[in-house]
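Number of protein chains: 4
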Amino acid sequence: MTETLIKVDLSQSPYENDMIHNRWHPDVPMVATVKPGDDFILQTYDWTGGFIKNDESAADVRDIDLTTVHFLSGPIAVEGAEPGDLLVVDILDIGTLPGNEWGFNGFFSKNNGGGFLTDYFPQAQKSIWDIKGMFTSSRHIPGVRFAGLVHPGLIGCLPDPSLLATWNKREVDFIATNPTRIPPLANAPFPGTAHMGRLKGEARDAAAATGARTVPPREHGGNCDIKDLSRGARVYFPVYVKGAGLSVGDLHFSQGDGEITFCGAIEMPGWIHLGIHSLIKGGVAKYGIKNPIFKPSPIKPDYNDFLIFEGISVDDQGGQHYLDVFVAYQQACLNAINYLKKFGYSGAQAYAILGTAPVHGHISGVVDIPNACATLYLPTEIFDFDINPSADGPVPRDMAGSDVLLAPDL
Amino acid sequence: MTETLIKVDLSQSPYENDMIHNRWHPDVPMVATVKPGDDFILQTYDWTGGFIKNDESAADVRDIDLTTVHFLSGPIAVEGAEPGDLLVVDILDIGTLPGNEWGFNGFFSKNNGGGFLTDYFPQAQKSIWDIKGMFTSSRHIPGVRFAGLVHPGLIGCLPDPSLLATWNKREVDFIATNPTRIPPLANAPFPGTAHMGRLKGEARDAAAATGARTVPPREHGGNCDIKDLSRGARVYFPVYVKGAGLSVGDLHFSQGDGEITFCGAIEMPGWIHLGIHSLIKGGVAKYGIKNPIFKPSPIKPDYNDFLIFEGISVDDQGGQHYLDVFVAYQQACLNAINYLKKFGYSGAQAYAILGTAPVHGHISGVVDIPNACATLYLPTEIFDFDINPSADGPVPRDMAGSDVLLAPDL
Amino acid sequence: MTETLIKVDLSQSPYENDMIHNRWHPDVPMVATVKPGDDFILQTYDWTGGFIKNDESAADVRDIDLTTVHFLSGPIAVEGAEPGDLLVVDILDIGTLPGNEWGFNGFFSKNNGGGFLTDYFPQAQKSIWDIKGMFTSSRHIPGVRFAGLVHPGLIGCLPDPSLLATWNKREVDFIATNPTRIPPLANAPFPGTAHMGRLKGEARDAAAATGARTVPPREHGGNCDIKDLSRGARVYFPVYVKGAGLSVGDLHFSQGDGEITFCGAIEMPGWIHLGIHSLIKGGVAKYGIKNPIFKPSPIKPDYNDFLIFEGISVDDQGGQHYLDVFVAYQQACLNAINYLKKFGYSGAQAYAILGTAPVHGHISGVVDIPNACATLYLPTEIFDFDINPSADGPVPRDMAGSDVLLAPDL
Amino acid sequence: MTETLIKVDLSQSPYENDMIHNRWHPDVPMVATVKPGDDFILQTYDWTGGFIKNDESAADVRDIDLTTVHFLSGPIAVEGAEPGDLLVVDILDIGTLPGNEWGFNGFFSKNNGGGFLTDYFPQAQKSIWDIKGMFTSSRHIPGVRFAGLVHPGLIGCLPDPSLLATWNKREVDFIATNPTRIPPLANAPFPGTAHMGRLKGEARDAAAATGARTVPPREHGGNCDIKDLSRGARVYFPVYVKGAGLSVGDLHFSQGDGEITFCGAIEMPGWIHLGIHSLIKGGVAKYGIKNPIFKPSPIKPDYNDFLIFEGISVDDQGGQHYLDVFVAYQQACLNAINYLKKFGYSGAQAYAILGTAPVHGHISGVVDIPNACATLYLPTEIFDFDINPSADGPVPRDMAGSDVLLAPDL
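Chains as they are written, first to last, in this note's numbering: chain A, 1 to 410; chain B, 1 to 410; chain C, 1 to 410; chain D, 1 to 410.
Just so you know, the hints here were simulated from the structure itself, not pulled from any lab data.
Check each hint, because a few of them may be wrong.
Identical copies go unnamed one by one, so any copy, or any two together, can satisfy a pair.
Under the rule of at most 35 Å between Cα atoms (straight-line distance), these lysine-lysine pairs were calculated in the DSBU-like manner [what the hints assert, rightly or not]:
1) Lys286 / Lys53
2) Lys110 / Lys242
3) Lys342 / Lys242
4) Lys281 / Lys110
5) Lys169 / Lys286
6) Lys341 / Lys200
7) Lys342 / Lys132
8) Lys200 / Lys35
9) Lys295 / Lys169
10) Lys286 / Lys110
11) Lys200 / Lys295
12) Lys132 / Lys169
13) Lys341 / Lys7
14) Lys53 / Lys242
15) Lys286 / Lys342
16) Lys200 / Lys342
17) Lys281 / Lys53
18) Lys200 / Lys169
19) Lys200 / Lys286
20) Lys281 / Lys132
21) Lys35 / Lys110
22) Lys7 / Lys342
23) Lys341 / Lys110
24) Lys295 / Lys132
25) Lys341 / Lys35
Model, not experiment: these values are computed from the prediction.
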């Protein structure tokens, strides 16, 4: 029986669990050691450490202190791993914790984090998704049910001091270019809410002062939020410190490309079963690796009938943006939202569907000046009614007064 | 036997064929009329009108006058089509013209158009791809062969005067923000090389003066370069003028997401077999449509084993960009290129592979400030050797002195 | 948290668990009642009730008393279900029991059950498959690993007395046509080892005397061993008795089409999470249903690179069989076995791979007299080496002295 | 431009074209010679040589002389091919001949060939399928349209004298076991209608006397009617004679597994583009090959939503058959036909759909005595209405008086 190396008690604060940490720093102590060939299970908190509840209010989404995230399980040391190696990791499976078969999705208030479409959905909103076996559906969004593309939003190895310094300088300098922006340009180290795992006392304080925030994806992987880096995938991680120090968290039951709702995918605590396939000694140089690479899972939802929405880099005020894929994807998403509203969904419901379902976002054209073209692939089979266009036009469905929960700014 | 409504003679200049045009304007005369339910064939030039040759020099790629593109076949009038309708079009098939079973791919010189990675590949380069049935390979890039994801790079309906005016104002104003930029921010109307189809004399000159260039994708579709809008797809086009006026060109035998090489995909002349499925009267309003939407083809290459490369919005000089998917995808592409170079490919060969093969580019994360995350899915089955990482490291292959053709700037 | 309606204790004989039964009979008492819309979990024994062990001997496969199988969990009553309805059941998920992350595959001795290729593999053999998350591999068969296509081998509703009588007459009459055949033509009721669930005393004995054996698939579904009726599928079962009486067992972690090894797939105890989607009242008549129909899972292994072997209905002695798909598929399997032996596998190892991996068996031609044509699709990606043909010929691999365990007849 | 080595004139009898033959014999002269690495095009008649017409009568299906089939194009000699080699052939593409964009499907009269369900459909029937690009539909069967899985029904290399003698003895002896059966058990050599290609005079007569009929699939491949051996596939053929002698014909635009309607798939004349990839010298022994093996196409219809019908080896008279996959598949087909009839189709229309659409037939269980289990996978996306079961039951569609054409026996 596979050993569970890290356990979490959801009734306990993650700050009380010393096998959890919420900053990246080379000094975070390893909490367990494994060998190539081993497989093991890590339990994780949801990324907020249990702050968001399965209830009928979005106040928690509005009020969350985002300096606390993400609570990660680890780091795990791998015998023999040295800087410059590639650590080959199999994601063998992921599941829910007993009694916690649900996840949340939300949009942050523009005043507290925002999101991809925060100008259109500026207030905190939340939907709850029930997980029944391999499927999920939400009491807040009728008519949609899909199989989970279960994945860790955040996984990677500890940085070494040099890499950490690069990150901090890069991001702090960047913040300095517009320090009062809301939402901010980036997140600087913030010792107050740092959880440095087993590091205590002065060592903890020193590391917390420079511990990199976990929000962005970086060279080591980290918070990539790549939906297809899912259970069944094999990942090749660059190693920076002796023992590698693999940490993971932010499990998602499902997510659309972009994680556009930011809070986030279908977020859940759970367990992840990992296998250390092997080490490729010196693999970083051998293969010219900067960021992790991976092979997709052979077992994942195979929806293949889509309705595809185009977007170009002209914003909805008519503003022209030069080959801007971000704007183009926003427009594709807004086009899909407008379409779904014709079937009776609220805009927020439609936005939540795009954030949670296995929607593909493709970079379709990035050279045809001045417009980038992005495309959003909406799987039609996740709806229990026909969403294809027809000569008769859409028949608005009775959504039974349902909606995504709203918590207005105070 | 299906009627061929437009024929092209590749030995003739496209300017001499009055069923061809290279600007968008409501006054371009319809060249044929069809009814809902009809199917028909249109032959097309390649997008350059035959300027690029199947030879061993990239001088043509360097020297092309980009004001001449794209040569489109049409417009075709559809009986009963009125502004505000959705025109439902089936792309029934696409093929090569007899004796022209080849296509080209290239990168423009930074001084003449550039491309997605023009800072890394600033000079004109070209590769030729032979088409054998459903497959293609290039004498300039050994070891790679794939099935074609054949599609029109450019398809859409004529704009009405209002939409045209919006485009011109938007883009001309945009150019004015940095008029001397190389490559330019956008392309303004340019009467000199305009081909207005059957429009002659003063009417031609008047229309040419404001005819929108065909380069960018816009509200009507146009030069979307979406690889999955392929033969077998069903497309719902907004109609702006009476009769719709459907035009098409820029056929691609295959292309990776982004059409990153710009010149372009695997470009070819050919024929396209279209069917007018139906009109959805008033469909634009009924479904809240701004840009075309489409359903993918049930028959397309189904490669599903990939090596996936991540990129984040930190450029290779360490510069930080805010949630910039363009930069993130550049980095993912450069990561893939560096990887392929370890197997013996030149950088230009690797770049050409990413531009031509059915590579997926996903917008993976767009909310984790400050870094966007983009992913590039490289199909492994297109190589005749194993490109997966292994403990032994890559064995550089003998590429037999091959390379993508280079034409230095003069 | 989903309720587990039936629990099993693997250290206890299934005969001591009154929520288990091993015969089909309308009088087997319901052990729990659910409503449309409910979901619930049932734990199950492996089909042999724990007789086969995770050890290094195949004696258990040789010595098993096949009158004891299959141990099913149920029957479950569904409120409102009446004869003639269709019971719509979602297979929401399936998993292993903690501490039992393994399964077995074997071939029965020709003297005790035999199998599809019993004339070629006449002795009892066994391999053990370790389950690590979504994947499995065997210490007895190196070089192969695959994702599980997890499914119940046996699921269906209780027959009514009339259907039961039809089964018994049909099969007993059939046995009478050759009563001494080894292996037998069919299995008659056998009261001695019957487990009739909660039925006790005379009622138990009466029902045991006519309780249908669980071996064959029949009109109600039953032991169909259809690999694609997997977790994620939706099944429409004919209802014969008030309350339906759904029973399930014989969980398989994976299986090739045909379950050719008979003992069987990768057999395991476990749990199955079921949802009662709905009842279609009178659905049997409305849709002209005789056997269950189902929709496949949206999430299952998606191996799509295959090596395909043909077989025709000429046996390997040159004997001609008229459009006999059974013989044709035997030949396709033997062709695949012979092929795999060239890479170093023993015949038994190759046979076990075909019985366990997600191999497709297609009925390719059944009209071209006198030969049927069957095809076997062997996924190439399950091997950790390249099994495709090449100019150099196969390089036999070092299988490290491994083999499928053998227990000669006594 | 790829050379067309064999041309056909559909207005001419195939007997007048000496690059056509309709019997297998080592003495049929090669009509062209190619080298490994070459690609070339062969035009072919439909399998009946043009006997079946695009009209509104099935009399031709009823009256056809089946001793004339199949008209094959070839044989093509491959330089360097010797007995015992594997000839590696790429099917690069397949298409229709200009002006012949249609195919036929039919059921033979039980008195003239019959078919898989001849006891249920004993009379000659015919439907015509229009081919529009990559899609087909039939004026005789409304509501269904699908992409073509285009393939050669018949392809293989010439037998040597020994293999030919084996075939003839095997089949003639088999016929002798029941020589008066209707339809017959097999087809003996029949010189009268033999077309031996360029062989003339006494040599022709001698070869015609023993030329094997082309109906069954055999060791060399031949009339396998495997739908997935489609354009894009790579095939490894055993070579028996110097030069190999590859012949091909019986092109199908689409077919369901089993080719259950026998006359046949969607049958058409056309062209096939082949590439000789290479020879594997001595490959038959190296890989233990008896029948051809192949790799599937990377580009084929990817319908993946199915309604799956089970069948067991109990016939519809209640007769018990021992592990008989033929009977089980018949029952699965009948179950699907009965289901489709509830939507308004005639039985013949439903039968024709199963014979032509890309339906999968799987051998699901072949060990659970006494019943085999076969499954038929009906793609739901080929219908322009929803064929899934629902609580409301099926709504019969207006099929507008259409039906498959019937020609009663005279």
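Tested hints:
1. Taking the closest pair of Cα atoms, lysine 286 and lysine 53 never come within 35 Å of each other, the shortest separation being 46 Å inside a single copy and 38 Å across copies.
2. In this homomeric assembly, lysine 110 and lysine 242 never come within 35 Å of each other (Cα to Cα): the closest approach is 41 Å inside a single copy and 44 Å across copies.
3. Taking the shortest alpha-carbon separations for lysine 342 and lysine 242, only the inter-copy value of 26 Å comes in at or below 35 Å, while the best intra-copy value is 56 Å.
4. For the homomeric pair lysine 281 and lysine 110, neither the shortest alpha-carbon distance inside one copy (45 Å) nor that between copies (39 Å) is at most 35 Å.
5. Only within a single protomer do lysine 169 and lysine 286 lie at most 35 Å apart by alpha-carbon distance; the minimum there is 28 Å, versus 51 Å between protomers.
6. In this assembly of identical chains, the alpha carbons of lysine 341 and lysine 200 never lie at most 35 Å apart, being 52 Å within a copy and 46 Å across copies at closest.
7. When the C-alpha separation of lysine 342 and lysine 132 is checked against a cutoff of 35 Å, the pair qualifies both within a copy, at 29 Å, and between copies, at 33 Å.
8. Proximity of lysine 200 and lysine 35 under a CA criterion of 35 Å is satisfied intra-copy only: 27 Å inside one chain copy versus 54 Å between copies.
9. With identical chains, the CA atoms of lysine 295 and lysine 169 are at most 35 Å apart within one copy only, with a shortest distance of 32 Å there and 46 Å across copies.
10. In this assembly of identical chains, lysine 286 and lysine 110 lie within 35 Å of each other by CA distance solely across copies; the values are 31 Å between and 44 Å within a copy.
11. Taking identical chains as interchangeable, the C-alpha atoms of lysine 200 and lysine 295 are never at most 35 Å apart, the minima being 38 Å within one chain and 55 Å between chains.
12. Taking the closest pair of Cα atoms, lysine 132 and lysine 169 never come within 35 Å of each other, the shortest separation being 45 Å inside a single copy and 42 Å across copies.
13. For a Cα distance limit of 35 Å, the shortest separation of lysine 341 from lysine 7 qualifies neither inside one copy, at 43 Å, nor across copies, at 43 Å.
14. Proximity of lysine 53 and lysine 242 under a CA criterion of 35 Å is satisfied in neither setting, with 38 Å inside one chain copy and 41 Å between copies.
15. Taking identical chains as interchangeable, the C-alpha atoms of lysine 286 and lysine 342 lie at most 35 Å apart only when they sit on different chains, with a minimum of 7 Å there against 53 Å within one chain.
16. With identical chains, the CA atoms of lysine 200 and lysine 342 are never at most 35 Å apart, being 56 Å at best within one copy and 44 Å at best between copies.
17. In this homomeric assembly, lysine 281 and lysine 53 never come within 35 Å of each other (Cα to Cα): the closest approach is 44 Å inside a single copy and 39 Å across copies.
18. Taking CA atoms no more than 35 Å apart as the test, lysine 200 paired with lysine 169 passes inside one copy only; the shortest distance there is 25 Å, against 62 Å between copies.
19. When the C-alpha separation of lysine 200 and lysine 286 is checked against a cutoff of 35 Å, the pair qualifies neither within a copy, at 38 Å, nor between copies, at 62 Å.
20. Only between protomers do lysine 281 and lysine 132 lie at most 35 Å apart by alpha-carbon distance; the minimum there is 25 Å, versus 42 Å within a single protomer.
21. When the C-alpha separation of lysine 35 and lysine 110 is checked against a cutoff of 35 Å, the pair qualifies neither within a copy, at 45 Å, nor between copies, at 44 Å.
22. Taking CA atoms no more than 35 Å apart as the test, lysine 7 paired with lysine 342 passes in neither setting, with 46 Å inside one copy and 41 Å between copies.
23. For a Cα distance limit of 35 Å, the shortest separation of lysine 341 from lysine 110 inside one copy, 23 Å, qualifies, whereas the shortest one across copies, 44 Å, does not.
24. Within a single copy, lysine 295 and lysine 132 get their C-alpha atoms as close as 27 Å, and across copies as close as 18 Å, so both meet the 35 Å cut-off.
25. Only between protomers do lysine 341 and lysine 35 lie at most 35 Å apart by alpha-carbon distance; the minimum there is 32 Å, versus 52 Å within a single protomer.
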